[in-house]
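We have chain Z already, so just place chain V on it with the hints.
Chains Z and V are the protein sequences, given in the same order.
Our numbering puts the first residue of the first sequence at 1, with every later residue one more than the last.
Our numbering puts the first residue of the second sequence at 1, with every later residue one more than the last.
FYI, nobody ran anything at the bench for these hints, they're computed from the structure.
Footprint (simulated), chain Z over chain V, 3 or more residues, beta carbon under 8 Å:
| # | stretch |
| --- | --- |
| 1 | 134–142 |
| 2 | 152–163 |
| 3 | 207–216 |
Bear in mind that the values here come from a model prediction, so they are computed numbers and not experimental data.
Even for Gly, the Cβ is constructed at its ideal location relative to N, Cα and C.
Number of protein chains: 2
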Amino acid sequence: MSDPNASPRIRHVLVRTSHPGNIGSAARAIRTMGFARLNLVRPHRFPDPEADALAAGAPGVLDAAQVHAQLADALSGCTLVLGLSARRRGVTLPELDPRAAARQAWQAASAGQQVALVFGNEQSGLDNAELAHCHAMVRIPSVEDYGSLNLAQAVQVMAYELRQASLEGTPQALPEPGDPPAEMAQMEQFFAHLSQALHDIDFHKGRSPRTIELRLRKLFMRARPDQRELRILHGILAEAQRVKRDSQA
Amino acid sequence: MSDPNASPRIRHVLVRTSHPGNIGSAARAIRTMGFARLNLVRPHRFPDPEADALAAGAPGVLDAAQVHAQLADALSGCTLVLGLSARRRGVTLPELDPRAAARQAWQAASAGQQVALVFGNEQSGLDNAELAHCHAMVRIPSVEDYGSLNLAQAVQVMAYELRQASLEGTPQALPEPGDPPAEMAQMEQFFAHLSQALHDIDFHKGRSPRTIELRLRKLFMRARPDQRELRILHGILAEAQRVKRDSQA
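For reference, chain Z alone in the conformation it holds in the complex:
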């Protein structure tokens, strides 16, 4: 179940971002997943029309974004700091994948903690000094030979996993779309009609209808027709039967 108090405790921190467009796209990305706190450490250009354009009106996220001179300031109050990074020699931080990181972050936020996800510069990522502010590193499992996710897309992946973490445990229990599903007595009526119609149009030509009927039954059971679809199917069968009767009249 999504805890409405947990989301505001999670902040996304962008460090030394070069392209204002990425700030806008990141704002939109976190907003679609239910987050609103964006912290910017020494952005190259902000505010900027390109950021506004790519935020696609994500209500309020850019207006409320805080700008900081130092990463430490952006992390004020946080008890869990996770830095997104490619694998790096000489860094001894524990490494989490996005799913595990999101679960840990959501759990911490649900328990009242402040949590930060930190994203480095587009070209160089987080440097070692910046990673030293983090409790763990999060590596998005990209392929070895081409690992470079766009910054805003890395933000999207993490925000998506946070959203999934927030929904875990929420029963899916979606209302059935469309018309009411056909119940079994209606399905049996349909199968009986199908069987009669195939007989009437002499589909089987003296062979046993059993195998074919069983196959058709499986097919339509699998499709789980709703009541309106079943009416259409009945209509088609009735029409084929009528054509046959007319041909004999």
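Only chain V this time, still in chain Z's reference frame:
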């Protein structure tokens, strides 16, 4: 462990994309996750320098991208077609979340099937006619009050989930029970036959066939007939047509 033969069986299909930059970003997104097949249906501009710039050199993806006039052409050979879409009134496709969809797609690809993920236009998404080519809908669980993911970011989320599915351990890759599943060109032949047969037996009685045909299409897409089932259905249609012809003779 990732099955190296499964990735090439998964294609990402972008339909009526307005912004070439999104094509480039999508190319980069899938490439980071180990995929390379991009199919474009009536892109507004392609090739385009903006697409090249945002692909960030994703080796070969844009060069190898195929362009199609019709969605059906882009889906040729596919036995599983998943359409990304917001929830929609009146659409009765089964709805999967990205994780469940990715697992199903990866399993199908590992079992040798061709799989397509279909993404609609930036403003309007997939229309109902386009969704009628899909076996199921995938909904990214964005928040209710601001649901609009950028196209390339939706591609990134799905490609990321596919990558995660590929890393979850080799699926058991159970052979599909029964006959090989029908591929999309065979489904189109069936729909054409169905349409002709309904016309021949005068099912529509002057009403427009469009709504009924769309409903039947959804029903049979959902059922995912195998090749033998499709032969039976063709047989029934042919028999109904024969009866009609005989009645006129």
